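**Q** Each chain, written out:
2 protein chains.
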Amino acid sequence: MADYIAPLRDMRFALQHLAGLDAVLALPAFAEAGGEVADAVLEEAAKFATGVLSPLNGSGDREGAKLTEGGVVVAAGFADAYRQFVENGWASMTGDPEYGGQGLPNLLGTVASEMWNSANMAFALNPMLTTGAVEALRAHGSEALKATYLPNMIAGTWTGTMNLTEPQAGSDLAAVRTKAVPNGDHYLITGQKIFITWGDHDAAENIIHLVLARLPDAPEGTKGISLFLVPKFLVNADGSRGARNDAVCASLEHKLGIHASPTCVMAFGDQGGAVGYLVGELNRGLNHMFTMMNEARQKVGVQGLAIAERAYQQARDYARERVQGRVVGMAGKPPILHHPDVKRMLLTMKSQIEAMRALAYLVGADVDLAHHHPDEATRAHCQARVELLTPVLKGWCTEVGVEIASLGVQVHGGMGFIEETGAAQHLRDSRIAPIYEGTTGIQAADLIARKLPQQDGAAMAALLAAMRETAAAARRHEGAAFQTIARHLAAGIEALASATAWAQTADPAAALGASVNYLMLAGYVAGGWLSAKAALAASSLAPQDEFLAAKITLAAFYAEQILPKAPALSTIVQGGTSFAPHIPAELF
Amino acid sequence: MADYIAPLRDMRFALQHLAGLDAVLALPAFAEAGGEVADAVLEEAAKFATGVLSPLNGSGDREGAKLTEGGVVVAAGFADAYRQFVENGWASMTGDPEYGGQGLPNLLGTVASEMWNSANMAFALNPMLTTGAVEALRAHGSEALKATYLPNMIAGTWTGTMNLTEPQAGSDLAAVRTKAVPNGDHYLITGQKIFITWGDHDAAENIIHLVLARLPDAPEGTKGISLFLVPKFLVNADGSRGARNDAVCASLEHKLGIHASPTCVMAFGDQGGAVGYLVGELNRGLNHMFTMMNEARQKVGVQGLAIAERAYQQARDYARERVQGRVVGMAGKPPILHHPDVKRMLLTMKSQIEAMRALAYLVGADVDLAHHHPDEATRAHCQARVELLTPVLKGWCTEVGVEIASLGVQVHGGMGFIEETGAAQHLRDSRIAPIYEGTTGIQAADLIARKLPQQDGAAMAALLAAMRETAAAARRHEGAAFQTIARHLAAGIEALASATAWAQTADPAAALGASVNYLMLAGYVAGGWLSAKAALAASSLAPQDEFLAAKITLAAFYAEQILPKAPALSTIVQGGTSFAPHIPAELF
Chain A
0 MADYIAPLRD MRFALQHLAG LDAVLALPAF AEAGGEVADA VLEEAAKFAT GVLSPLNGSG
60 DREGAKLTEG GVVVAAGFAD AYRQFVENGW ASMTGDPEYG GQGLPNLLGT VASEMWNSAN
120 MAFALNPMLT TGAVEALRAH GSEALKATYL PNMIAGTWTG TMNLTEPQAG SDLAAVRTKA
180 VPNGDHYLIT GQKIFITWGD HDAAENIIHL VLARLPDAPE GTKGISLFLV PKFLVNADGS
240 RGARNDAVCA SLEHKLGIHA SPTCVMAFGD QGGAVGYLVG ELNRGLNHMF TMMNEARQKV
300 GVQGLAIAER AYQQARDYAR ERVQGRVVGM AGKPPILHHP DVKRMLLTMK SQIEAMRALA
360 YLVGADVDLA HHHPDEATRA HCQARVELLT PVLKGWCTEV GVEIASLGVQ VHGGMGFIEE
420 TGAAQHLRDS RIAPIYEGTT GIQAADLIAR KLPQQDGAAM AALLAAMRET AAAARRHEGA
480 AFQTIARHLA AGIEALASAT AWAQTADPAA ALGASVNYLM LAGYVAGGWL SAKAALAASS
540 LAPQDEFLAA KITLAAFYAE QILPKAPALS TIVQGGTSFA PHIPAELF
Chain U
0 MADYIAPLRD MRFALQHLAG LDAVLALPAF AEAGGEVADA VLEEAAKFAT GVLSPLNGSG
60 DREGAKLTEG GVVVAAGFAD AYRQFVENGW ASMTGDPEYG GQGLPNLLGT VASEMWNSAN
120 MAFALNPMLT TGAVEALRAH GSEALKATYL PNMIAGTWTG TMNLTEPQAG SDLAAVRTKA
180 VPNGDHYLIT GQKIFITWGD HDAAENIIHL VLARLPDAPE GTKGISLFLV PKFLVNADGS
240 RGARNDAVCA SLEHKLGIHA SPTCVMAFGD QGGAVGYLVG ELNRGLNHMF TMMNEARQKV
300 GVQGLAIAER AYQQARDYAR ERVQGRVVGM AGKPPILHHP DVKRMLLTMK SQIEAMRALA
360 YLVGADVDLA HHHPDEATRA HCQARVELLT PVLKGWCTEV GVEIASLGVQ VHGGMGFIEE
420 TGAAQHLRDS RIAPIYEGTT GIQAADLIAR KLPQQDGAAM AALLAAMRET AAAARRHEGA
480 AFQTIARHLA AGIEALASAT AWAQTADPAA ALGASVNYLM LAGYVAGGWL SAKAALAASS
540 LAPQDEFLAA KITLAAFYAE QILPKAPALS TIVQGGTSFA PHIPAELF
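Residue numbers (numbering that gives the first Met the number 0), protein chains in the order written: chain A, 0 to 587; chain U, 0 to 587.
Simulated from the structure, these hints should not be mistaken for laboratory data.
Treat the numbers as computed from the prediction; the structure is a model and nothing was measured.
Each hint should be verified, as a subset may be incorrect.
One copy or two, it doesn't matter: identical chains are merged, so the pair holds either way.
As the list claims (entries may be wrong) - Using 27 Å as the maximum straight-line C-alpha spacing, the simulated DSS-like pairs for lysine-lysine come out as follows: (1) K332 - K222; (2) K332 - K178; (3) K222 - K178.
Start from the sequences and build out the full structure, keeping to the hints where you can.
**A** Below, the structure written as structure tokens:
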């Protein structure tokens, strides 16, 4: 497997022209992070991804993490790579300066996250989960808890986990049964959690678990769940590491992919009770967890993009080298990149990757603007768009990510099925992304039943208006490529608009049955919109070169070859599931 | 992983009402195989698949095949299962009675093949490859070769392999370098072949390799390739097993899936030359191989269907048991089968599986009619349809098979990513089917550049005419479901017709660039046509029951939720790859 090379020029183009990096850097919160800092961060992150993380991706997959008597031992090289990650300041990049973080924009964190995940998705999950835990603690923890835990967590010397799922409580967290019993200044936690990413490992000094649990007298359902902080090692009053807590990894899952990311069954309280501290208010745990869930979902969407980019690089490199047969209209034996069907596959990959990247960075910038823009209306507008687009980013990018990783296998032919080639690992790794942090079905339900109806659909209406402006600008632009873009984008927008109107009045069960197709429709059209913006931006720059010309070609390819899915999905959505209820369960 | 249960009622329905089993059984060649024989065969095959093959599917995946000093040793239970397979007569089911076969119709062999592959795809590859070798030998071998090898191969006591691929010769067989040097009454073969399915194993007494190789003075390219029979053990004049031949497994591939199917690197002639016998004419080896390639491709298409059925059964069973959250409009906590999005996923799986099954059986019956029908015009018509639909069956069913196996993972949520659940194995196993026996790109090129143009497109024109008749019949039928079916089917047919007209005059490179989407379009519309036929047949039967009503509902679901892809694909096809050539290779 060749090492990952960050596509810096593509990333910078998307940052500048689609996400509005300058507007983010102009926010008062980022006064110290100028364009030069941003540039240096990207350069160094790219080096770290290529030089340190990428070489461990294949070996980590083959070796996996192992459970020993002393706990989980990560694959060779991972602990050292994580040490370097912390020492180089990558863990603290976007962290709150009040607790030692560097306070860089979320947008830059998004780009770095793409790089970490392209280079080594199993590795990248550890800091991703830690960031989520930090955000939940920062938003809801007491000052004492924050002072004790945040500095080390933001520095990365301590990592964080999210303990939500139990065997009977997957998507349905109302069914959580883990218990928390008051015991002086803390609680004693007992119960079992499953699917805990990086739940135990030997790559950091301490692990801070955030755990959903119930008090004995708590109300049933979601309104009786509280959030607790349960450290692997207790922390002494002086901040030093104290006794081992009653929280251990009981077993590791044997998974399809991300083998180097230990997925733990966590046992709390087998020795009488794990010491835990309440985070936020009693019985508000689920709300507190939702604070970080949007961000976690955005980051998983970035994983879909990232694994697609990795799969693409590998397929492209193979197609540049591999020679098979002759090519219509070409002399000699050119590499298979020139076969029309291989070129179609690569362009299908690349055009969608660029669309996904634009969407991920747009949301990444909106998060910064929503938090830090001085104008309240702008903050509100950006926050509404973030909320609307988060399930789209998560669901669409991860579903397309799997498709692209699968195309990456296909480009390799028979070699793609051989594990040593590496293409199959990307497919295996990619397959978790549409599942964890809420399946695509959960994202789609969030989109159609919660996000879309907010403020009578104002966020989607604003998005459609912005898209129509872009389509109109493309139509006014000269050239066949722009006319193609304008035509298919306009059709896509109207398809999304009409499906949206249907969804807003549909029977709830029909809407839920159509929701995944609606989410995918929104993703494809958003991707087409941002591709068109990329083409318009590229055509406005001077001097023109092949890189800029390729942006226009890619947008036209996306319009012609991908966007026609939009009217079809709109038909499918509005066809609804009118016939589905008629099949008795026993005839499935 | 629950054991596979053959969906006998669905299979019989497709056999009777879509494939025309009675017409096949009425052929003089099958005078002895009446309806009762067919019924008994299906019942017994179902028992064998469930009782013997299915229980080995998971263990075979975990254990895999191993290379030892004495050759390849298959996973525990596989050798014994194969012995039973042979003893029960499953290997010889469709074999030529002249050499001891049972001479049953290919159509019944297709159904049995679906069962073997659903139960255990890795196991099923062994008899599948053997059948291919038998067909090539039967069509092109000398009487002496046939008398020596066919009886044991048809009985299954000897298995067969296909040795085509070399490291530099994958899709491009013109590049084959393996050498054959005349040496008395035989040839000495030297060279290395890769990706040889069941190339070595300990489950049969002998292995008969069919090997593509070149004479030293042969012309370059495809016209210098000859076909040789190279037995693992030479055969004495009395038919007994003789000396070990110079053909060994040099290594086993470590693959994404089908772990229990040994994929061998075969070394011929490391000790001076493997004894080989010419099959057919010198330098006509590729043509001879193509004899069995159509059939092998049909069988791989059946694998796509089969693995989808297995994945579906597993997902459905999980969805019937798993409880998560409440369901809109239902009291209590019903299993997740009732969640609208889960129902959508299961119906997406099932409706396409039934369409794929109908297509596979239709082609299976056409093969019998093409070979055995007394009327020459009928034979010609069926043969033309077989040739046209073979790449569609192979390409479409295997691509959709991967999608359905992936949906099967998704239905399981987080459990789907855990290997012990078994859903992930189906996805891993399924992923080879769009690659081997010619990638989807190769199938699509065959369809658009070779099959479609035959006789000025007469076969596709006849197919479109048959489809239009069905759409008209649906339109004449009462009821909302049939109106939905008629509307979407008619739109699909016109989409296929217009893409066909485009393809027939398109620039060759553009046609090849669009070919995979054209193939998928043809598959979806053919599936919609056969779903509609199923609905019409179901509505004509008495007494009506829920099983028949479900056929109508499934057809309507397919029309409404799957067929809208057809107009989109037609747009994509005709959009062509007009922009693709403009991107320089270095900007990929």
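**Q** Now tell me if each hint is right for this structure.
**A** Outcome of the hint check:
{"no.": "1", "hint": "K332 - K222", "in the structure": "between (67 Å within a copy, 18 Å between copies)"}
{"no.": "2", "hint": "K332 - K178", "in the structure": "between (67 Å within a copy, 23 Å between copies)"}
{"no.": "3", "hint": "K222 - K178", "in the structure": "within (14 Å within a copy, 75 Å between copies)"}
Comparing the model with each earlier hint shows no violations; every hint is respected.
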